[in-house]
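Asks: Here is how the chains run, residue by residue.
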Amino acid sequence: MLKPFLADLHVHTVLSGCAEVEMVPPLILRQAKRLGLNLIAVTDHNACHNAEAVIQAAEGTDIHVLPGMELQSKEEVHLLCLFDTVRQCQEWQEEVFRRLPPLGNKEEIFGAQFVVDSVGEWVRTEERFLAGATDLGLEEIVAGVHSLEGMVIPAHVDRPSFSLLSNLGWVPESLKVQALEVTPRFVPRIGFQKWPQLKAWCLIVNGDAHRLQEMRNRTLFKMDAPVIREIDLALKGEQGRRVVVEWPEAH
Amino acid sequence: MTSLKEIVEKLNLETVSSAELTDRPVAGGYAADLLSCVMKGAKKDYLWVTLQAHVNVVAVASLLNLAGVIITEGNRPDQESIARADEEKITLLVTPKTTYTVVGELTLLGVRGES
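Protein chains in written order, with numbering that gives the first Met the number 0: chain L, 0 to 250; chain V, 0 to 114.
FYI, nobody ran anything at the bench for these hints, they're computed from the structure. Among the hints, erroneous ones may be present.
Here are the computed lysine-lysine pairs in the DSS-like style, where the Cα-Cα straight-line distance is at most 27 Å [as the list claims (entries may be wrong)]: (1) L:73 with V:43; (2) V:42 with L:105; (3) L:193 with L:73.
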């Protein structure tokens, strides 16, 4: 029996320097509950230090939390990397840190990067600059994440910066991903005129929330369980699994 | 050394930030659209030429203490970026010309890159 999972697979926490201080586990989950979400993913820039805290905070609720990160490739394209377990995500984290320039964060410019616990208390401040580009190429990222049984979804492809379409101009045919994320502002009728290539893709909408009110509940998965394998089937529309997105009216 | 003010006049650039144009000397130039390259290649008091116009451009210019940013091909920064530039006292300049053309003109004015 397939179940509905209303999802926002792109949520930042206070580990992202550009996120507001309200992005701590209990408030993220409260907002998720308000929005009727039962599946979210924690995706900070190039790091997953707060994923486990959000997972712990969600214990006993009906909200499932996937660990992940929003990785920046060497082409300066943002990609969601999602995993089933914290262990897989941490293994990927080690590779990412090997390929991220070891710069110190400048808080006054890029914002402070906080690691917090499940109730949102400060644990430590990450000193390493997280929001830059790794020297991992697109194909290398997809292969690396797949080898750890994770999933890659190119982020906000309709954004004028840090996206596949802005930086490369098109979606490479060789890229082995099942879906693309678009921003909540994306209107299909207009977007398909600008990028006809998108018509052939499974598109999902996430909030890319840096503050609570930016979280979104527009993407519904019909699947057996909130796991990568099932999400993959839903994005492909296989074995009865599917994705339904609520699109805005064109103005 | 060529000053920022002189470059703005000679290249007919439009200033979109409110930082006052000064006789701040421009030590050199750098052109790229990937921020990670700029962070490695541009130096203090350099002028950066790019077609990117988002808020992170301001962050990088501020981090490196650049003399200013020339945004090419008619791209214009949004209000958020301009407000940030004003806060950080970063000079944002725009032009309809391409990066290639602007770099050529800067070179003729004596603004050089790393050799």
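Asks: Now tell me if each hint is right for this structure.
Replies: Cross-check of the supplied hints:
1. L:73 with V:43: holds (24 Å)
2. V:42 with L:105: Cα-Cα ~17 Å, so holds.
3. L:193 with L:73: Status holds; Cα separation ~25 Å.
In this structure, every one of the numbered hints holds.
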